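Peer 1: The primary structure of each chain is shown beneath.
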Amino acid sequence: MTVTAPGHQKLTMAQTLNRALRDAMTADPAVVVFGEDVGALGGVFRITDGLTAEFGEDRCFDTPLAESGIVGVAVGMAMNGLRPVVEMQFDAFAYPAFEQIVSHVAKMRNRTRGRVALPMVIRVPYAGGIGGVEHHCDSSEAYYAHTPGLHVVAPANPADAYGLLRAAIASDDPVVFLEPKKLYWSKEEVELGAPVPGIGTAVVRREGTDATLIAYGPAVPVALEAAEVAAAEGRSLQVVDLRSIVPFDDETVCAAVRRTGRAVVVAEASGFASVSSEIVARVTERCFHALAAPIRRVTGFDIPYPPPKLEHFQLPGVDRVLDAVDDLQWEDR
Amino acid sequence: MTVTAPGHQKLTMAQTLNRALRDAMTADPAVVVFGEDVGALGGVFRITDGLTAEFGEDRCFDTPLAESGIVGVAVGMAMNGLRPVVEMQFDAFAYPAFEQIVSHVAKMRNRTRGRVALPMVIRVPYAGGIGGVEHHCDSSEAYYAHTPGLHVVAPANPADAYGLLRAAIASDDPVVFLEPKKLYWSKEEVELGAPVPGIGTAVVRREGTDATLIAYGPAVPVALEAAEVAAAEGRSLQVVDLRSIVPFDDETVCAAVRRTGRAVVVAEASGFASVSSEIVARVTERCFHALAAPIRRVTGFDIPYPPPKLEHFQLPGVDRVLDAVDDLQWEDR
Amino acid sequence: MTGDAHHLLPSAEPVTLIDCHGRPVASTAYAAPDAAALVRAFAALVTARRLNDQAYALVRQGRLAVYPSSHGQEACQVAAAQVLAEGDWLFPTYRDTIAAVNRGVDPVEALSLLKGDWHCGYDPYEHHVAPHTTPLATQLPHAVGVAHAARLRGEPTVVMALCGDGGTSEGDFHEALNFAAVLRAPVVFLVQNNEYAISVPLARQTAAPSLAYKGIGYGVPGERVDGNDAAALLAVLGAAVERARAGGGPQLIEAHTYRMQAHTNADDASRYRRDSEVAAWVERDPLTRLEAHLRKRDLLDDARLAELTAEAERVATHLRDGLNRDVTPDPAMLFDHVYARPTPQLAEQAALVADELEREGALR
Amino acid sequence: MTGDAHHLLPSAEPVTLIDCHGRPVASTAYAAPDAAALVRAFAALVTARRLNDQAYALVRQGRLAVYPSSHGQEACQVAAAQVLAEGDWLFPTYRDTIAAVNRGVDPVEALSLLKGDWHCGYDPYEHHVAPHTTPLATQLPHAVGVAHAARLRGEPTVVMALCGDGGTSEGDFHEALNFAAVLRAPVVFLVQNNEYAISVPLARQTAAPSLAYKGIGYGVPGERVDGNDAAALLAVLGAAVERARAGGGPQLIEAHTYRMQAHTNADDASRYRRDSEVAAWVERDPLTRLEAHLRKRDLLDDARLAELTAEAERVATHLRDGLNRDVTPDPAMLFDHVYARPTPQLAEQAALVADELEREGALR
Ligand SMILES: Cc1ncc(C[n+]2csc(CCOP(=O)(O)OP(=O)(O)O)c2C)c(N)n1
Ligand SMILES: Cc1ncc(C[n+]2csc(CCOP(=O)(O)OP(=O)(O)O)c2C)c(N)n1
Ligand SMILES: [Mg+2]
Ligand SMILES: [Mg+2]
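Residue numbers (my numbering), protein chains in the order written: chain A, 7 to 339; chain B, 7 to 339; chain C, 12 to 375; chain D, 12 to 375.
Simulated from the structure, these hints should not be mistaken for laboratory data.
Quantities reported herein were computed from a predicted structural model and do not represent experimental measurements.
Each residue gets a CB set at the ideal place from its N, CA and C atoms; glycine is no exception.
Errors might be hidden in some of the hints.
Claimed, not checked - A short, non-exhaustive set of chain A residues, derived as facing chain D with CB atoms under 10 angstroms: (1) D64; (2) N86; (3) H157; (4) F254; (5) E257; (6) A261.
Claimed, not checked - The following residues of chain B were derived to be distant from chain A, with all beta-carbon distances above 10 angstroms: (7) R52; (8) G199; (9) V202; (10) W336.
What the hints assert, rightly or not - Now the in silico label distances, taken between C-beta atoms and shown as ranges: (11) B/S192 x D/H18: 56 to 66 angstroms; (12) B/D325 x C/P355: 31 to 41 angstroms; (13) A/V210 x C/A358: 47 to 57 angstroms; (14) B/R212 x A/E239: 42 to 52 angstroms; (15) C/E253 x D/W292: 35 to 45 angstroms.
Isolated chain A (complex conformation) (with noise of 0.2 angstroms):
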């Protein structure tokens, strides 16, 4: 993969994944995007600012409105030799595409043994924490988590969100990329030359030794800062990035609970049937007599998300995450 700019710069991971389309579409001509707005206008979220000026209309162009249609071209290109790269504009407004999403861009590998790859990436900005209205603030990893032949990935700091980015569009499967809204202005070092983490890799964001919080996405910022909050109050807490949600790094982060004998799962989305659900099914399969105390979820509540003036209650917050930690039947055992 050549990478146009190496070196360390200081980039908004809005950025990043700006420099991520821009590289990609430099190092590879199949590579396409398109969507609603992200031709002059660069995407609400400005995401694809200067594609299309930089690469021309057949590389970044809008199209009509209708997300289905969107992905259903895509599946149709990514079979005919591109590496098309489509945004939704927000979380709800992928669900026109499920069934494109499910039924086919899911299945293509699978139903055609091989032959039909789908070499193609839908972009979602998604999740909450930026006072958007209804249907703009919706986690909805869930429902691509469930579905086999996707991979899904979410990006908690820039310089992950340029790698994941190139990894996902060089990946011969499709990927469900979700780009949480609410980190799209956060800033940081970032040395762009540097090797892109594989999807499928979590990754210990933060040692520590009394108990393990395990996030992904816009969760993760959540947890560094209450495991510092925690480090104040005298509580060593280890961080666990997931990055990629499928495939589920089930090594990095069994091995992170076992250190600890506690953990607790921080996430965005509702957490009935959700992939906290299936984080604490599986590390409790796998940790169980490791375990000092049940893992604990702190996650969104099973309701709508909340307008503005409500959501903070909505989203996992720092001290939702300590309370839970101080549950971990510190003295029961």
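We have chain A already, so just place chains B, C and D with the ligands on it with the hints.
Peer 2: This is chains B, C and D with the ligands only, laid out in the frame that chain A set:
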């Protein structure tokens, strides 16, 4: 609720569902039934057989072939005083309606602070085991169960099918009603006048002392058969039938698991981020210290539903359930 | 079967009854609305414009999170509401606050969504106005369902269903029109073609001669109307409503108008269109046009205009006051309206929040 | 903008070049295909009918799980395939096995789905035939994508995308046509209007004068053709393919035909239609019609027909033999093709199955 034909009768699940629709339509003129081929044909599974003849075209009618339209029109009818019961022809053919289900059906009451209720039922013939071709055998319950605002139920026998469908139609909230296709032709003595189980109540189908099998829908008969085989081998397995996935009957399930200290969840759907994950997670959270071993899952693999010749590998069978029971660390402690 | 197909096609040019200079335009197909109707529409237009601009100002003042203004589209908004009878339903999008207000919804309640207090601030049954819908075109099948339910009961209800030019590309537009046609549901579909879907111009949205040509594909009559001409809108929409009420089935009407401002205040329109394009539409403004017409006919004078302006100001003040009042929504609401009765799971979750709040209170 | 709208409308009656008695029908718009093309089509029709009936018989014998026959629609199937050039793509539905076979797909491989061996039995790239699609209309946007990708690369590919009358009601039909029009993608959309979607007759599917009138709403020319007239189909589809290849963009063609048998053998058509309705279509049979025509023109005689019948029999035997051969699919396949490389999770699950099989083997 009036029930036209009390007394005991030997009926298939297809027949009790048909009877439930007929009785509900008789009892309440607001109940209307529509979907693809539900009129003259009586539905591809004959669940709506005879309804148009008996109640007329206004009460039971064929629609154009468009699932999002069917569900969306039902939303409007429910807003305006009716109680629509719509049929999605097969599980995977409900996906075009996904946006309507998630963004409207599930949220209307919440969006309007309780002013607009949507008393509607979405019937979905679901799951496999019938030798169906691709897209005709999906276990799609996780998508609905993860979506706050929906009730999700799945009967496992003809009597519950009758009672749950009557309860679903009577409910002032939308219900996704999952009908296990492979059980349509299962026959049973049914007392149609019997009290209707409320949505949200699980039931212990078989008492047992060594371990608890937790199942719902098409997996229940498998669990019962496994318990039968185990009994012959000297192991006493308890079987819980959830009936209702949302709301979830924590009380019944946890009481059952506490009694045995060991549990296996059996479900046809792929396991990752599924209803099974949720069951493992929530039961472990609540019963951790009563568990002698981690809860095991016997579920479909994380693959697209296979073609008929291979589907028996995907379906949780008696042997796989018994293997999981054997794995419950009987010697370890 | 195709003998009568051509009557389903729209007129070649949008129906106009009053030109840009306020002069009447002869039409063979539609009679001009009577003077009272025009005066009533104008009064509503004045308030509509004031409300649009007030809402926009309130965004700048931080009292509204975002506002998709219908500045320039007020004639569509007002006519869509005024042609309806009591008991008829309106299905608005996020851009149709003014239409909702013209059906009787309190503007403060109508803007609850955009203020962030609650998703839908009004009772949809009070004025038969559905919640503003954000997922594009998804409200259209609902409109068909409401209309069909009414028809099954023999009620004379007509439903006015709004969407934008962009919304016509969604599958739900297609399915709704088809269902309406097959069910002969009394729905008037009004597409406000304001030339843009956020940044995407109409030419990238469709290659059709005009959006009204979509009607014939469903067996639904299509019509085109000047969306900045309140008189033409009242005539065309009024005729469609009457036809639907009489059992004539649905109709598709494309109103040619223009989005004068950015998509919302959060949008930067300079990235995708030139100011000169916008400027060209100023002379087609729906207010000045109707004003000129009414003045020519002595149906309006400075004194009456001053009255109307004062009335508009009163409504604007009401909006301002309402939005300046801070509501602290009760977190219990989060759990109260998910189901008729909270599930055991939700009761547990509500208790957790209540407990947090209690502990917070105890800390204070 | 609307000056040239009317050329997008279909002819009032379906284009016919050969009537039910085999007599030529004059057309101003389309030239009749040459003799060689008609003879070639007839040969394909004979095999097509034989394959349809053979497949149906194999269901009764339990060798196929289910078969949605195109008996009666063979002219559409054959023409859709024969008008394409090498390298063009075909997107078939579950009912279009015959079209796929006419593009070169081995009928045994084509029926893998319906036998239950594997979802798609053939390599889609070998003959540029996409997998049979079951979820209605979902293949149509794929067809647009394939066509657009080819166009971006400057390749002369044309894509033939098939769907049924019922499929036109789905949102994906709408979105695909709109994308094709806006992108000017070289796609020919062929709707086989066989009057039924399972049990639902066309009148409940649409109120449009005809399905071809949907084209104008996208700026796509619509055309209607007699779906039991191979000559008309070759002419109309051939012209559409040429136009698309020349950069003229997509076209929508409705072929009027009839589903002579039940939806599949699992269906009971007596519940929703009368035998007399079916009987009326027998005289419009695509085979007898073309046969009469060719005989009149001395392009066919008994000897040649016997040859064609023998050839059809050979293909039917191949199908029978193929389907009578039992394949035992390897369960490892379940896990091999979900991703390019199995995830660690899938590797574990595959190991579980392998272990089960090993233990079973050990037991035997
Ligand atoms: C299903 C869906 N997709 C995308 C969006 C994001 N979005 C909001 S408004 C808009 C443009 C709509 O354009 P149009 O229908 O012309 O209405 P207008 O805003 O011009 O009134 C888009 C793409 C959405 N709300 N819903
Ligand atoms: C999205 C979707 N909904 C429902 C079905 C079930 N179904 C299979 S075939 C069929 C009828 C299709 O009719 P038509 O499009 O006219 O094609 P035909 O069978 O007549 O060739 C239906 C409803 C499906 N396959 N896909
Ligand atoms: Mg617009
Ligand atoms: Mg058909």
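Peer 1: Would you mind marking each hint as holding or not holding in the structure?
Peer 2: Comparing the hints with the structure gives:
no. : hint                                : in the structure
1   : D64                                 : holds (5 angstroms)
2   : N86                                 : holds (4 angstroms)
3   : H157                                : holds (7 angstroms)
4   : F254                                : holds (6 angstroms)
5   : E257                                : holds (8 angstroms)
6   : A261                                : violated (14 angstroms)
7   : R52                                 : holds (26 angstroms)
8   : G199                                : holds (34 angstroms)
9   : V202                                : holds (25 angstroms)
10  : W336                                : holds (14 angstroms)
11  : B/S192 x D/H18: 56 to 66 angstroms  : holds (59 angstroms)
12  : B/D325 x C/P355: 31 to 41 angstroms : holds (35 angstroms)
13  : A/V210 x C/A358: 47 to 57 angstroms : violated (37 angstroms)
14  : B/R212 x A/E239: 42 to 52 angstroms : holds (49 angstroms)
15  : C/E253 x D/W292: 35 to 45 angstroms : holds (42 angstroms)
When held up to the earlier numbered hints, the structure conflicts with 6 and 13 and fits the remainder.
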